[in-house]
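Enquirer: Please build the complex by placing chain B on the supplied structure of chain A, with the hints as guidance.
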Amino acid sequence: MIIEVKNVTKRFGANEVLKGIDLAIPERTICGFVGANGAGKTTLMHCMLGLIPVTTGTITIAGTPVTFGQTASNEHVGYLPDVPEFYPFYSARDYLDLCAVITKLPKSESSTRIAELLDLVGLSGNKRVISTYSRGMKQRLGIAQALLNRPKLLICDEPTSALDPAGRAQILSILQEAKKETAVFFSTHILSDAEQICDRIAMLHEGRLIFNDDLHRLDEQTSGEFAFTFAHHTIEETRARLADYPAELRIDHGALIARLPGDEARLSFAKELANRGLVIETMQPHKKPLEDVVMEVLR
Amino acid sequence: MNPWIGFLKKEWTESVKSYKLLLVAVIFSILGVLNPFTAKITPALMENFMPEGTVVNIPEPTALDSWLQFYSNVPQMGLVVFILLFSTLMSKELDRGTLVILLTKGLRRSTVVTTKWVIGAAYWTLAFLLAFSITYAYTAWYWDQSILHHLAFAVSCVYLFGLLMFTLTLWGNTVFATGYGGLLAAVLAVIALFIAALFPGTDAWNPIGLLTSSPGLLTGDAPLSDFTGPLLVSIGAIAVLLGATVFHFNKKVL
Numbered sequence: 000m001i002i003e004v005k006n007v008t009k010r011f012g013a014n015e016v017l018k019g020i021d022l023a024i025p026e027r028t029i030c031g032f033v034g035a036n037g038a039g040k041t042t043l044m045h046c047m048l049g050l051i052p053v054t055t056g057t058i059t060i061a062g063t064p065v066t067f068g069q070t071a072s073n074e075h076v077g078y079l080p081d082v083p084e085f086y087p088f089y090s091a092r093d094y095l096d097l098c099a100v101i102t103k104l105p106k107s108e109s110s111t112r113i114a115e116l117l118d119l120v121g122l123s124g125n126k127r128v129i130s131t132y133s134r135g136m137k138q139r140l141g142i143a144q145a146l147l148n149r150p151k152l153l154i155c156d157e158p159t160s161a162l163d164p165a166g167r168a169q170i171l172s173i174l175q176e177a178k179k180e181t182a183v184f185f186s187t188h189i190l191s192d193a194e195q196i197c198d199r200i201a202m203l204h205e206g207r208l209i210f211n212d213d214l215h216r217l218d219e220q221t222s223g224e225f226a227f228t229f230a231h232h233t234i235e236e237t238r239a240r241l242a243d244y245p246a247e248l249r250i251d252h253g254a255l256i257a258r259l260p261g262d263e264a265r266l267s268f269a270k271e272l273a274n275r276g277l278v279i280e281t282m283q284p285h286k287k288p289l290e291d292v293v294m295e296v297l298r
Numbered sequence: 000m001n002p003w004i005g006f007l008k009k010e011w012t013e014s015v016k017s018y019k020l021l022l023v024a025v026i027f028s029i030l031g032v033l034n035p036f037t038a039k040i041t042p043a044l045m046e047n048f049m050p051e052g053t054v055v056n057i058p059e060p061t062a063l064d065s066w067l068q069f070y071s072n073v074p075q076m077g078l079v080v081f082i083l084l085f086s087t088l089m090s091k092e093l094d095r096g097t098l099v100i101l102l103t104k105g106l107r108r109s110t111v112v113t114t115k116w117v118i119g120a121a122y123w124t125l126a127f128l129l130a131f132s133i134t135y136a137y138t139a140w141y142w143d144q145s146i147l148h149h150l151a152f153a154v155s156c157v158y159l160f161g162l163l164m165f166t167l168t169l170w171g172n173t174v175f176a177t178g179y180g181g182l183l184a185a186v187l188a189v190i191a192l193f194i195a196a197l198f199p200g201t202d203a204w205n206p207i208g209l210l211t212s213s214p215g216l217l218t219g220d221a222p223l224s225d226f227t228g229p230l231l232v233s234i235g236a237i238a239v240l241l242g243a244t245v246f247h248f249n250k251k252v253l
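If you read the protein sequences in the order shown, they are chains A and B. The numbers in numbering that gives the first Met the number 0 rise by one with no breaks, and the one at position 139 of the first sequence is 138. The numbers in numbering that gives the first Met the number 0 rise by one with no breaks, and the one at position 16 of the second sequence is 15.
Bound-form chain A, shown alone (with noise of 0.2 angstroms):
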């Protein structure tokens, strides 16, 4: 696993803003981390950072375990936070240059790492300081400074959330990219961008996690659903004719979506719609937005 975090706590005063927290990340995963604002995404992220101290509990980074402060554990991350703030007179490459230097990047390597990561940002060429800059811009420097040193695990904070189509298009695909070589841990309350290149997604809900798994268990915890549409019969003289068949049914979007867990419920309904005279145009199985599962499980 690359994140170990068991039972972390993080009180602030009287506010409890982590409450037990239990979380492992296999390597080379893009993990989804979602909640509302003020869940305490960001609490956690600060915590593996060694940024804040946690109150109780421990957390593990590549086998490191992270302390307060000056932690080791950060030679294994690299850290995008939600609004990237750099030097605004050096120019991409100079704060790149002065990140290789605090990560003991060796001179021979960091000249040909810094122009590759430049290229996959899209900023190579770019001679401008960084005042110039647009927030997608920043953003995509902020990325290239996390991966400088090839971490395993690169931890963004939020990164698409300011930005517009094409900038969160971009920043999603470069972290897609940097899956090749690192675990990428990244918030987000924009479920869609989760949903689109996450493997995994840890959900997190006033202080507590609820849900941490594969986003395809996510779907089977709470689907089992299949959209259908018919031959010759209109979605609705279908629903009428399936009044009395014991599923839950429903129209959505022009299709008849039959909640259906398991083969034999299945099988079942297929009977039940030949003995009826049903003809099936398509089935698939019906994939719900993110948005609607995580609502579910809240519920």
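The set of hints was computed from the structure by calculation and includes no laboratory data. Glycine included, every Cβ here is placed at the ideal spot set by N, Cα and C. Heads up, some of the hints might be wrong.
Label pairs and their in silico Cβ distance ranges [said to hold, decoys possible]: (1) A:Phe88 - B:Thr41: 27 to 37 angstroms; (2) B:Lys8 - A:Glu108: 18 to 28 angstroms; (3) A:Glu108 - B:Leu22: 33 to 43 angstroms; (4) A:Arg207 - B:Leu20: 30 to 40 angstroms; (5) B:Leu231 - A:Asp118: 37 to 47 angstroms; (6) B:Leu125 - A:Arg149: 53 to 63 angstroms; (7) A:Lys179 - B:Lys8: 29 to 39 angstroms.
Expert: Okay, now just chain B, sitting in the frame of chain A:
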């Protein structure tokens, strides 16, 4: 290049790009010129401002008057401007959040504090040397300076007091993490030192004596040994404050 040198280079670049170098050079050069110039023109000015017919007996200015101006201008105007310029070295970074990325990359917190102190101390040294050398050369042009006693030691006392004030400002700026924190710490400390100086016997250790008593060194009225206590206390205070700044910054939640 090691991270300490790398971060020091960043501090230097930042100070140049934010015009600190230019401001310090211009202000302290002006002060350097102003010291002998004020001493030279003061008698003429006084004569002009006196009512007509008044007989004034103003002695001819000497090198001592020029250096007394130095004692008046450099700590009062120069040091105040210097402290204002460097009073947000730490809080500016904490406000903007520029340190977060670098600290998570393994930058040592003690490196942040010590490089900021070194750059501030280097600027104070540069500022002081500029004001001193211009005053020295300009004073030598007009007057014989052989009447002065212990000139280098006397001005070193001002230099050390400035360094103490800068270190105190950096400490306050780090602990309170606001632009006013450092200034408040420096102002309160100076008031406290002046109040302490009202009590007999405190001149044996009080660092404020480095400013108020050291002109006596120039005239030969004050023996060097009077300054041993204030010098040692100031050096000790600088070391303790620098250590305390590192300690506080290590505990700071970012």
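Enquirer: Each of the hints needs a verdict: does it hold here or not?
Expert: We went through each hint and held it up to the structure:
1. A:Phe88 - B:Thr41: 27 to 37 angstroms: violated (43 angstroms)
2. B:Lys8 - A:Glu108: 18 to 28 angstroms: 20 angstroms Cβ-Cβ, so the 18 to 28 angstroms window holds.
3. A:Glu108 - B:Leu22: 33 to 43 angstroms: holds (39 angstroms)
4. A:Arg207 - B:Leu20: 30 to 40 angstroms: Given range 30 to 40 angstroms: violated, Cβ gap about 53 angstroms.
5. B:Leu231 - A:Asp118: 37 to 47 angstroms: violated (58 angstroms)
6. B:Leu125 - A:Arg149: 53 to 63 angstroms: Since the Cβ atoms of Leu125 of chain B and Arg149 of chain A sit about 41 angstroms apart, the hinted range of 53 to 63 angstroms is violated.
7. A:Lys179 - B:Lys8: 29 to 39 angstroms: Between Lys179 of chain A and Lys8 of chain B, where Cβ atoms are some 33 angstroms apart, the hint holds.
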